[in-house]
Amino acid sequence: MIRIVLPPHLRALAHVSGDVELDVDGPVTLRSALDALEARYPMLRGTIRDHGTLQRRPFLRFFACEQDLSHDPPDSPLPDAVVCGAEPLIVLGAIAGG
Amino acid sequence: MSKVRALVGTRKGAFILTSDGKREKWDVSGPHFTGWEIYHFKGSPADPNRLYASQTSGWFGQVIQRSDDGGKTWHQPGTPAGEATTAPDGQPKGESNKFVYDTSAESGKQLTTHQWYDGTQHPWEFKRVWHLEPALKDPNTVYAGVEDAAIFRSTDGGVSWHELSGLRGHGTGPKWQPGAGGMCLHTILLDPSNPQRIWIAISAAGAFRTDDGGKTWKPINRGLKSQYIPDPNAEVGHCVHHIAMNPSRPGVLFMQKHWDVMRSDDAGDSWREVSGNLPTDFGFVIDVHAHEPETIYVVPIKSDGEHFVHDGKLRVYRSRTGGNEWEALTHGLPQSNCYVNVLRDAMAVDSLDKCGIYFGTTGGQVYVSPDAGDSWAPIVRDLPAVLSVEVQTLS
Numbered sequence: 002m003i004r005i006v007l008p009p010h011l012r013a014l015a016h017v018s019g020d021v022e023l024d025v026d027g028p029v030t031l032r033s034a035l036d037a038l039e040a041r042y043p044m045l046r047g048t049i050r051d052h053g054t055l056q057r058r059p060f061l062r063f064f065a066c067e068q069d070l071s072h073d074p075p076d077s078p079l080p081d082a083v084v085c086g087a088e089p090l091i092v093l094g095a096i097a098g099g
Numbered sequence: 294m295s296k297v298r299a300l301v302g303t304r305k306g307a308f309i310l311t312s313d314g315k316r317e318k319w320d321v322s323g324p325h326f327t328g329w330e331i332y333h334f335k336g337s338p339a340d341p342n343r344l345y346a347s348q349t350s351g352w353f354g355q356v357i358q359r360s361d362d363g364g365k366t367w368h369q370p371g372t373p374a375g376e377a378t379t380a381p382d383g384q385p386k387g388e389s390n391k392f393v394y395d396t397s398a399e400s401g402k403q404l405t406t407h408q409w410y411d412g413t414q415h416p417w418e419f420k421r422v423w424h425l426e427p428a429l430k431d432p433n434t435v436y437a438g439v440e441d442a443a444i445f446r447s448t449d450g451g452v453s454w455h456e457l458s459g460l461r462g463h464g465t466g467p468k469w470q471p472g473a474g475g476m477c478l479h480t481i482l483l484d485p486s487n488p489q490r491i492w493i494a495i496s497a498a499g500a501f502r503t504d505d506g507g508k509t510w511k512p513i514n515r516g517l518k519s520q521y522i523p524d525p526n527a528e529v530g531h532c533v534h535h536i537a538m539n540p541s542r543p544g545v546l547f548m549q550k551h552w553d554v555m556r557s558d559d560a561g562d563s564w565r566e567v568s569g570n571l572p573t574d575f576g577f578v579i580d581v582h583a584h585e586p587e588t589i590y591v592v593p594i595k596s597d598g599e600h601f602v603h604d605g606k607l608r609v610y611r612s613r614t615g616g617n618e619w620e621a622l623t624h625g626l627p628q629s630n631c632y633v634n635v636l637r638d639a640m641a642v643d644s645l646d647k648c649g650i651y652f653g654t655t656g657g658q659v660y661v662s663p664d665a666g667d668s669w670a671p672i673v674r675d676l677p678a679v680l681s682v683e684v685q686t687l688s
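Heads up: the sequence lines are chains A and B, in that order. So the first sequence is residues 2 to 99, counted in my numbering. So the second sequence is residues 294 to 688, counted in my numbering.
It should be emphasised that the hints constitute simulated quantities derived from the structure, not laboratory data. A quick note: this is a predicted structure, and the numbers were derived from the prediction, not measured. Not one of these hints is a red herring.
Computed Cβ-Cβ distance ranges for the label pairs, DEER-style:
{"hint": "1", "chain 1": "A", "residue 1": "L55", "chain 2": "B", "residue 2": "D504", "range": "38 to 44 Å"}
{"hint": "2", "chain 1": "A", "residue 1": "F64", "chain 2": "B", "residue 2": "P523", "range": "49 to 55 Å"}
{"hint": "3", "chain 1": "B", "residue 1": "D646", "chain 2": "A", "residue 2": "E22", "range": "55 to 61 Å"}
If you want a taste of the chain A side facing chain B, the calculated C-beta under 7 Å gives, among others:
{"hint": "4", "residue": "H10"}
{"hint": "5", "residue": "M44"}
{"hint": "6", "residue": "R46"}
{"hint": "7", "residue": "T48"}
{"hint": "8", "residue": "H52"}
{"hint": "9", "residue": "F60"}
{"hint": "10", "residue": "G94"}
Ideal placement from N, C-alpha and C gives every residue a C-beta, glycine not left out.
Only chain A is shown next, with the shape it has when bound in the complex (with noise of 0.2 Å):
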């Protein structure tokens, strides 16, 4: 079971609060909790991620363990705290705008 931590905007659109757990299958990467967390909530789709080419949206980061994963490949492992649960995956919206 994983964590992952979304800001308000995409929580209000996939109608939860607080933190959104997981079960990956496999590998737990970058990649896979994506996918896990698309296919429990659809309306997230193209949200996160472009629809065609999965890419992260340019204004989101991602983070967990105090370090920025936003450039690393999709395939990479996540951190073991986060595979554990013990930590959270965050997407986080960058600062600018209002």
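Given chain A, put chain B in place with the hints provided.
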């Protein structure tokens, strides 16, 4: 007793304003989709409880929302939560926010670029839906005008979207260029007398028409003059801001161009200027009285460099002669120190016996005139900047 329901899209959410036929007391519902830009928000003529909203964000992209109960509840019309996103045959199910340009050899292949601000060629990139136009007879059919400019259609209630690629495919795409707000397809008019005919407008490409249900399109910009285009007879490149039509007379179109108010009496085949005595003919909105097809409304804006009303006065101008002769409508509107804009989709009319006129401003006010423009009153004063106003007349 008749009712009216105004659907207001703003920079930070949607609002629904309802009143009885007197249009004096209003209930305000919202914000819906708090914090998101609602570029446009419109009801189906075939089923007034079916509403579609374009919800968009620079961070999270495009979302389409649908209500089947007049705005009380909303859902994204794609795959429901908890269901697999692929069908048993492995094909992806509908995703209501997926707008993919047609790249087939017959259509999109030769239109991989359009003109960028500096004149170089630039690839087509989907950004957002500017306008949603529900079909006249079928609540499950709806058209979307998008940035970068293209028209999409859904026939399953917004679940999935397919480009009518003949528009980009007709050949002039590489000459289209973005206006200051982006290269957006912002106007879609459906002909109530001919289901095969649709008009659209793009900033900055111009107006286009299909007479075969969207398969093929032609530019209809003869008579438009744009000072920034060297060729006085340019087929495309014109910055059309909005087009309006009275449904009883679909061959007569009124246009607010970047500069100039224009009129066509032949379904857009030719245009003539009807700016007449307007204090400035720059502006964004234009609309037509519900029962008097020669009565039209504009809100002149000072200039393309100063996007606020002229002389600090918020004035709607009305022509009862189909243009050229205009009168200022000021009763109830601020006549000093007012510097708001009225954006292209932010004016609407109802169809009550005494036609009501509505508009919203970038200052967050929504005004109503229950007497065809003679007097005005604010419905709300302090919303986020208003992007769009549509009105439903309910029996």
